[in-house]
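J.: This is what each chain is made of:
There are 2 protein chains.
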Amino acid sequence: MSVNRERMDRIFHPRCVVVIGDKKQTNYMWLRSVLTLKGHVYSVQINKDEWPGIEALGVKNYSSILDIPEPVDYVIVAVPRTVAHRVLEDCIRKQVGAVMFFTSGFAETGTEEGIRLQNVLGEMARKADLYMVGPNCMGIYNPEIGLRHHPEQYCGEGGEVGFISQSGTHATQFSLVGYVNGIKVSKSVSYGNGIILDSTDYLEYLGGDEDTRAIGMYIEGVKDGRRFFRTLKEVARAKPVVIWKGGQTEDGARAASSHTGSLTTSVAIWDALIKQCGAIRVDSFDELLDVVKALLYIKHPHGERVGLMAMTGGQSVVISDAFAKAGLKVPKLSEISYKELASFFNIAGGSYMNPLDVSSNFSSPELVLRMLNILGGDENVDTVAMEISSYFLSQRLRVGAKFTVDELVSALTSFRGSSQKPFFTILTAGPKEADALSIREKLVQQSIPTFPTFQRGANALKKLLDYTLSHAE
Amino acid sequence: MSVNRERMDRIFHPRCVVVIGDKKQTNYMWLRSVLTLKGHVYSVQINKDEWPGIEALGVKNYSSILDIPEPVDYVIVAVPRTVAHRVLEDCIRKQVGAVMFFTSGFAETGTEEGIRLQNVLGEMARKADLYMVGPNCMGIYNPEIGLRHHPEQYCGEGGEVGFISQSGTHATQFSLVGYVNGIKVSKSVSYGNGIILDSTDYLEYLGGDEDTRAIGMYIEGVKDGRRFFRTLKEVARAKPVVIWKGGQTEDGARAASSHTGSLTTSVAIWDALIKQCGAIRVDSFDELLDVVKALLYIKHPHGERVGLMAMTGGQSVVISDAFAKAGLKVPKLSEISYKELASFFNIAGGSYMNPLDVSSNFSSPELVLRMLNILGGDENVDTVAMEISSYFLSQRLRVGAKFTVDELVSALTSFRGSSQKPFFTILTAGPKEADALSIREKLVQQSIPTFPTFQRGANALKKLLDYTLSHAE
Chain S
902 MSVNRERMDR
912 IFHPRCVVVI
922 GDKKQTNYMW
932 LRSVLTLKGH
942 VYSVQINKDE
952 WPGIEALGVK
962 NYSSILDIPE
972 PVDYVIVAVP
982 RTVAHRVLED
992 CIRKQVGAVM
1002 FFTSGFAETG
1012 TEEGIRLQNV
1022 LGEMARKADL
1032 YMVGPNCMGI
1042 YNPEIGLRHH
1052 PEQYCGEGGE
1062 VGFISQSGTH
1072 ATQFSLVGYV
1082 NGIKVSKSVS
1092 YGNGIILDST
1102 DYLEYLGGDE
1112 DTRAIGMYIE
1122 GVKDGRRFFR
1132 TLKEVARAKP
1142 VVIWKGGQTE
1152 DGARAASSHT
1162 GSLTTSVAIW
1172 DALIKQCGAI
1182 RVDSFDELLD
1192 VVKALLYIKH
1202 PHGERVGLMA
1212 MTGGQSVVIS
1222 DAFAKAGLKV
1232 PKLSEISYKE
1242 LASFFNIAGG
1252 SYMNPLDVSS
1262 NFSSPELVLR
1272 MLNILGGDEN
1282 VDTVAMEISS
1292 YFLSQRLRVG
1302 AKFTVDELVS
1312 ALTSFRGSSQ
1322 KPFFTILTAG
1332 PKEADALSIR
1342 EKLVQQSIPT
1352 FPTFQRGANA
1362 LKKLLDYTLS
1372 HAE
Chain W
902 MSVNRERMDR
912 IFHPRCVVVI
922 GDKKQTNYMW
932 LRSVLTLKGH
942 VYSVQINKDE
952 WPGIEALGVK
962 NYSSILDIPE
972 PVDYVIVAVP
982 RTVAHRVLED
992 CIRKQVGAVM
1002 FFTSGFAETG
1012 TEEGIRLQNV
1022 LGEMARKADL
1032 YMVGPNCMGI
1042 YNPEIGLRHH
1052 PEQYCGEGGE
1062 VGFISQSGTH
1072 ATQFSLVGYV
1082 NGIKVSKSVS
1092 YGNGIILDST
1102 DYLEYLGGDE
1112 DTRAIGMYIE
1122 GVKDGRRFFR
1132 TLKEVARAKP
1142 VVIWKGGQTE
1152 DGARAASSHT
1162 GSLTTSVAIW
1172 DALIKQCGAI
1182 RVDSFDELLD
1192 VVKALLYIKH
1202 PHGERVGLMA
1212 MTGGQSVVIS
1222 DAFAKAGLKV
1232 PKLSEISYKE
1242 LASFFNIAGG
1252 SYMNPLDVSS
1262 NFSSPELVLR
1272 MLNILGGDEN
1282 VDTVAMEISS
1292 YFLSQRLRVG
1302 AKFTVDELVS
1312 ALTSFRGSSQ
1322 KPFFTILTAG
1332 PKEADALSIR
1342 EKLVQQSIPT
1352 FPTFQRGANA
1362 LKKLLDYTLS
1372 HAE
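For the protein sequence lines, the chains are S and W, in the order given.
Just add 901 to the spot in the first sequence (first one is 1) and you have our numbering.
Just add 901 to the spot in the second sequence (first one is 1) and you have our numbering.
Be aware that one or more of the hints could be misleading.
Note: identical chains are not told apart, hence a pair may lie in one copy or across any two.
Said to hold, decoys possible - When the alpha-carbon atoms are kept at most 25 Å apart in a straight line, the in silico DSS-like pairs for lysine-lysine are as follows:
#1 Lys-925 / Lys-1303
#2 Lys-1303 / Lys-1226
#3 Lys-995 / Lys-961
#4 Lys-939 / Lys-961
#5 Lys-1303 / Lys-924
#6 Lys-1240 / Lys-1085
#7 Lys-1333 / Lys-1085
#8 Lys-1233 / Lys-1322
#9 Lys-1176 / Lys-1333
#10 Lys-1363 / Lys-1226
#11 Lys-1085 / Lys-1140
#12 Lys-1343 / Lys-1333
#13 Lys-1322 / Lys-1303
#14 Lys-1230 / Lys-1085
#15 Lys-1226 / Lys-1176
#16 Lys-1124 / Lys-1176
#17 Lys-1343 / Lys-1085
Honestly, the hints are just simulated from the structure, not real lab data.
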């Protein structure tokens, strides 16, 4: 079986969206999420007490979806589970493009009643050949057209990353945390119990989506493993797919069963199959974010040798350990580089063997750029990475150095633009985390990739390198 | 050889401190660091251009330490390396308690000249039986008496944690980042090349220091391995010692050699010896911070079974994976707990199998406290840990829930006080990291331990459990 691209297009690009059962108690979260839609939005709510609140949002309300005066592409359902099948019946009669059930309380509860109700929905949809998203999920997010599942998600601009998530939290967080990290979503879906459309369908769809350059997935379990891995193999040939498996342990699997009613597979099998398919495995939200960031913003590395810059001696040791432990190398530089460094580098309290422990040499953007260029031009170096300690930077900017953060960021932007080699930063925070956040914002604006710890930066580079090498074969 | 406690007391509690060679170029960082001393502070600076700046700080300047009109306990030297031996000569004649050399450019440069100059200092000090801290370091920090090595370190209040660091950065960062995490230093030292007083001496001293309840160490290399591990074994019997070894890899070891001239030992040997001595190994600054926090603020656990609370379903799966992967267990709760939970827990979109996926049940501090008490009272649970998602919390506080963060923190404080079981929180940030920082501040004020990721919380608990079990034998 293969998913119907035209029908998927319709639900990912709806021109008419209907929200059924939204209410004041949740501050009309669904209507507020889709008010941004480039298209028509209607409400269906039979409770008259809710009508004034819905009208205040400027949304026309109907008592039945059958009364909506135009074809409906995508329906968001937030009614109690006991009436879900009645709503579904109307949707089928209306011949909508797809129904998304935010409604939960189905197989994930592990109860007889929950399983029964889920089976009813599934049978009705299959019989009517209706596409269903969920139940027990947040549904589709297409920022470009303003179709959201959370009122704080950005819209108006499309991104490059597709995200397929069995969890609503992770889908929401990926869009929001991704955004402040320079990662923008092309299309995403939270699909919960996935009883009709499942991970494989979405993967196949986003695999063929031109706006989607890379795909991330959070999966607790798949229904048809053979089809999933066959599809994964095909898609991963065309674009990078990063997979985070939830329920990797016995305890996690039990939680996954309570969450989305998923039966999980052994993580060892997953791991082997992901590798075989040429996809990238990650094990946490942070790692997912880091690897996607690396895929988008770091040039593909050709080898394992890194040229490092750190702001103090203690950090030079620690950054070296972090990269070496991740499976990378911190080599000696070439004699040409050492000769040039020796001509100006102040070694009192510093050192330039690699890492460059820059210390007081971090005195002007020009000098930083000069040192980066030496690392970038060194034949022993495949990738350049530098620490920016927001704490020591703020000290240097107060004492001894006469430049601004913006001037430093300009120098890094210039290096990023001119260097043939992959480049990224590691922004360590120290005690003043708010300072680091404001520097991160400036780096993100200039598309300079940055990671918050040495380990995370080193790990992201290693995953990118492994991916690049395995796909170059 | 054993360190002389009386002489160590003198340099950790100096009544008279002299700074030699401080200057405007570094904004008089040393004088500003020790102006807070409960005692006398003098400057020695022969450059007349610097005198007005020094006097403006209210510090009396002399041209030679020999002119200081009272006994000197601790000298901070920030002169160029070429004149360090002349300063040392005067200090020896003055019979000071100890000399600390911030001055660098010695064996860590790997140059003949650097090694020669270091040997000169070492021989002079040994011949005169003078205690020396460093060179190439930041020296001693005793917040209680206002002896600092950085102008932003807190003082006036003593803490419980001793820190011994071969790196000035890590010593400074431990005090500053520790502080915002509720970890306060009793005494610490950055000792750099450690040519006279070495890690073992400081360890022995802090091992016998009554104000020091736990000890952290960042070490790149030790001079007398036998004595170090003998001392470690003794000290670790009396109080927890957490060791972070810098230079764990070949590349890291090379950086360590450039940093403090250290010859590092194989990490496998270190690991085995640390374990044998009953100390705790950590591998990063963050892990050091987490484990020290756990030692200070989490009651000692008696088993591996955790009762977990997470704010959404996706996080319930992920928190379970994190704890299980760390070697802990997320068990089913007792029937009594399930019965009680069933009496009030709203399972629409949530679940209470363990983790409690609280979802909409996170509606009042009373209900949170009730759920925590169920976990804390459950016979299958050894430790209780809960996620606070600053993002979802702020949403709940806007929609559906009528309480403040302070009221929530009060409920947690009450649970922490009444529960016999270990308890901690994991504060996930989402896209609004600044919100999480302000919640962290409230938690720290109430001594509620908190970690920023599931992995870090789980790892800290596992290390605490292993430590507790191994010392209970």
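J.: Provide an ascending list of the numbers of those earlier hints which the structure does not satisfy.
T.: Of the numbered hints, 2, 6, 9, 13, 14 do not hold.
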